[in-house]
Structures are given as structure tokens and as C-alpha cells.
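Asks: Put together the whole structure using the sequences plus the hints.
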Amino acid sequence: MTLPSFRFAPSPNGALHLGHAFSALLNARMAAEAGGRFLLRIEDIDTERCTRAFERGILEDLAWLGIRWEQPVRRQSEHFDAYAEALERLVAEGLAYPAFMSRGEVRAWLTEDAPAEWPRDPDGVPFYPPRDRGLPPRERAARIAGGEAYSWRLDMAASLERLRRRPTWTETGMGPTGDSGVIVADPAAWGDVVIARKDVPASYNLCVVVDDAIQGITNVVRGRDLFHATSVHRVLQDLLGLPAPSYHHHDLLLGEDGRKLSKSRGDTALRALRDIGATPGDIARLLER
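Each residue of the sequence shown is one higher than the last, beginning at 722 in this note's numbering.
Source of the hints: derived by calculation from the structure; they are not laboratory data.
Here the structure is a predicted model, which is why all the values come from computation and not from measurement.
Using N, Cα and C, we set each Cβ at its ideal position, and we do this for glycine too.
Each hint should be verified, as a subset may be incorrect.
What the hints assert, rightly or not - What follows is a list of derived Cβ distance ranges for each label pair:
1. E1009 with G962: 38 to 44 Å
2. R859 with D920: 22 to 28 Å
3. I997 with A909: 46 to 52 Å
4. E799 with D834: 40 to 46 Å
5. G845 with G787: 36 to 42 Å
6. T891 with I997: 26 to 32 Å
7. R1006 with S967: 27 to 33 Å
Replies: Okay, structure coming up:
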């Protein structure tokens, strides 16, 4: 019998804040209530911004909160080969293509050539232009061999045609508009998403589905800001033949300005709260309000 398996997966590019504590404690509690496993994953594919110093701080904060996890901890930076294998499979099956347009070229296309009602993804980002999707294989190979910068994008239309159906997932939490139960994914709403870059072997979207499968994660518990991204994760899981966990998207902790807490804005860090005398019990009570 497969044990329920939960994970907390922070990126070591800053200090943990109260929002992270809420998610980590919720995952640990749900794992305990289910009699399951609780795993920790360090999502450090961004090797420029992620540091071992931040990672040590994360581990110290989680231990201070009283959270315990299975060993060993999985670090994405140690498993680039697994992501490269998944990418190679998508490329070989004609489901991913190299995208060469720079940000400036994309902006110019959107200004000068894009239709008036050009679509945007759920994050408000305009879809990538269609130009590179139809490039002949010989031209693609020549431009890559010539050292031209590019990223790999999922051909969403081809992917959905391959699947012949829209994926679904089981939502035990709640989406932005109260969505729960069996959710029909809408990956087309994202257009041709980036799944790898020339300097980074995989994007978050590709890494997370590979990692969840390798670690045997059965229950993904994370913030509601990732609800819509689940559509991309589900299409990648089905294309790669990976198991689909159930998903539980929880509320976000918001700052006084109504925005979600952020490492980059220096929102209430656990380390700062510890330094002024807060206890793990204080944090737990604060998050229960």
C-alpha cells in the first residue's frame, strides 16, 4: 500500500517568511493526520540566486518550528539529468520547440504585428508569438549550432492534440473562485510555456512534475497562487506518463497592503521574529487566526 506523501519545496533565494511557515506547517500536519510521509525538497535550479547559506537558514527555521522530514533532502541542482531526460523526450516527440525571440523582439512584435486581441495567460503575460513554432528543423539546428540564445517551449496545441482530451485533477482545497472537486484543466490558457532555457536545464513547471513523480508525492499542498499553473503540470504529467497527485490549494497570507508575502520585499521573516523572542508556539497561534 502506498503511503500518502506530502512535500514542502522552498527555493533558497531568501529567508522563509510567515507564508512559508503556514504552508510547511499545513503540509506537515496533513501528512501526520493521514499517517503519511513528509518530505523536503530544495528547489534551487536558479543557481545564481539560490545559495547554500539561504538553504541552511531554511533548514534551521523549519527545525525551529518543530517540523521533521525524511532524509535525504532532494536538491534540484543535483538532478539536472532527470529534467534533461524529460525535455529530450518532449523534443523527440515533436512537442517542444526552440524559441529564439528576445524580450525586445517579443515586445516589438506585440506592438507592431500582434492582433488587437492577442491572448494573455492567467498571470497577465502575453502569449509567445507563433513565429518560431513553424521554423524548419534545418533552420532551428543551424541557429542553435551558431550559438543563438533560445529557450524551449511546449507546443501546447500539439500537446493537447496528442492527448485528445483535457486533463483533470482532484482539488481538495479551493481555487480562486471556490473551485473544488474534479477540476478540468485549461492548459491552453497558458499558450506555449517555457519548459527550459539555454542556461537553465528546466523550468519550474517541468522540474516540479518530474520531482513529484520521483519522490512519490501523492498530495500536493501549496498556495492558491499556483492553482491555474496546475493545468500546465497536469498536461506535462500526462505527456510524460507520470502519476497525477491530488492537489490542495490553500489561502495565501497577505500583507497589510493586500499583497501576498514575498521574500523579495523582505516581508516578515521567521529569522527576524525569532530574533525578537518569538517562539514556535507564537508562530502557530499567529497562523491559526
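Asks: Work down the list of hints and note, for each, if the structure agrees.
Replies: Hint-by-hint comparison with the structure:
1. The given range of 38 to 44 Å is respected by E1009 and G962, whose C-beta atoms sit roughly 41 Å from each other.
2. Between R859 and D920 the C-beta distance comes to about 25 Å, which sits within the given range of 22 to 28 Å.
3. Taking 46 to 52 Å as the suggested C-beta distance range, the pair I997 and A909 conforms, at roughly 48 Å.
4. At roughly 43 Å, the beta carbons of E799 and D834 sit within the given window of 40 to 46 Å.
5. For the hinted restraint 36 to 42 Å between G845 and G787, the CB-CB distance of approximately 38 Å keeps it satisfied.
6. Judged by the Cβ atoms, the range 26 to 32 Å given for T891 and I997 is violated: they are separated by roughly 41 Å.
7. Between R1006 and S967 the C-beta distance comes to about 29 Å, which sits within the given range of 27 to 33 Å.
In this structure, the one hint that does not hold is number 6.
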